[in-house]
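Hey, can you work out the whole structure from these sequences and the hints?
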Amino acid sequence: MYTLYHSPGACSLAVKAALILTGAEFKTQLIDLSKGEHLSEEYKKIHPLSKVPALDTGEFILTEGMAMHLYLADQYPEAGLFPQSGRERAEAFRWMSYIYASVHPLFGLFFYPDRFSSNPDSTKAKAKELVFSHMAEVQKRLEKHDFLAGNSLSAADLYLTVQLHWALAISGDFLETHNTLAAFVKRIYDHPSVGVLYQEEFAR
148 MYTLYHSPGA CSLAVKAALI LTGAEFKTQL IDLSKGEHLS EEYKKIHPLS KVPALDTGEF
208 ILTEGMAMHL YLADQYPEAG LFPQSGRERA EAFRWMSYIY ASVHPLFGLF FYPDRFSSNP
268 DSTKAKAKEL VFSHMAEVQK RLEKHDFLAG NSLSAADLYL TVQLHWALAI SGDFLETHNT
328 LAAFVKRIYD HPSVGVLYQE EFAR
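Quick note: the sequence shown uses the working numbering, first residue 148, plus one each step.
Worth flagging that the hints you see were computed from the coordinates, not collected in a lab.
Given the structure is predicted, the values throughout are model-derived calculations rather than measurements.
The reader is advised that the hints may include incorrect statements.
[Stated by the list, open to error] Result set (SDA-like, lysine to any residue): computed pairs, CA atoms no more than 25 Å apart in a straight line: (1) LYS275 / HIS251; (2) LYS291 / GLY227; (3) LYS333 / GLY297; (4) LYS333 / LEU315; (5) LYS291 / LYS271; (6) LYS198 / THR210; (7) LYS271 / GLY297; (8) LYS182 / GLU211; (9) LYS163 / LYS198; (10) LYS275 / THR324; (11) LYS271 / SER181; (12) LYS275 / GLY227; (13) LYS198 / SER249.
Set out below in structure tokens:
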């Protein structure tokens, strides 16, 4: 059985969704970031960098969300976390890498600007500008396709949906002003396996 160490509102949600799609047996262990549980010596034995998520596979502990998605995709190819071959597979990798490397870090700059700059207001404003700029690129992709890889859901979409949740924390009307992204979120909401999971998260 897998054990997913997670926190509400964190990108661990995408890994939880991936586990649901695999049909694998798993349990979750809540790590309350607001209480500093990720900084405990006990949790540092799980994740030395004090981050979530972490995934105990039963054989080893895996960190870094993208690595978890790739691992689960290999273990459960029938789940379709990534297309099996061809351009759609490449596009799934492309967009997931883009979101992990270019979009995700900007939210840290926005929510915790004091950690990165002596001019937090300027840092926060720039981070917001860049988030919206990158989301515009994502929107262009989704104007042509239902999902990032093409016509089928992939792990890249699971992760993007978390980022869209965070974008709402930056601007509450973000989806109202980005119709294509709003339609994408509705497709995720309507998914029979993971839709409710995301609806509950967005309702927080």
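Hints versus structure:
1. LYS275 / HIS251: holds (12 Å)
2. LYS291 / GLY227: holds (21 Å)
3. LYS333 / GLY297: Given that 25 Å is the threshold and the Cα spacing comes to 17 Å, the pair holds.
4. LYS333 / LEU315: holds (15 Å)
5. LYS291 / LYS271: Given that 25 Å is the threshold and the Cα spacing comes to 31 Å, the pair is violated.
6. LYS198 / THR210: Holds: LYS198 and THR210 sit about 9 Å apart, inside 25 Å.
7. LYS271 / GLY297: With Cα atoms ~33 Å apart, LYS271 and GLY297 exceed 25 Å; violated.
8. LYS182 / GLU211: holds (22 Å)
9. LYS163 / LYS198: holds (15 Å)
10. LYS275 / THR324: Roughly 15 Å separates the two Cα atoms, so the pair holds.
11. LYS271 / SER181: Distance ~21 Å between LYS271 and SER181 Cα, so the pair holds.
12. LYS275 / GLY227: violated (33 Å)
13. LYS198 / SER249: OK: LYS198 and SER249 at ~19 Å, within 25 Å.
When held up to the earlier numbered hints, the structure conflicts with 5, 7 and 12 and fits the remainder.
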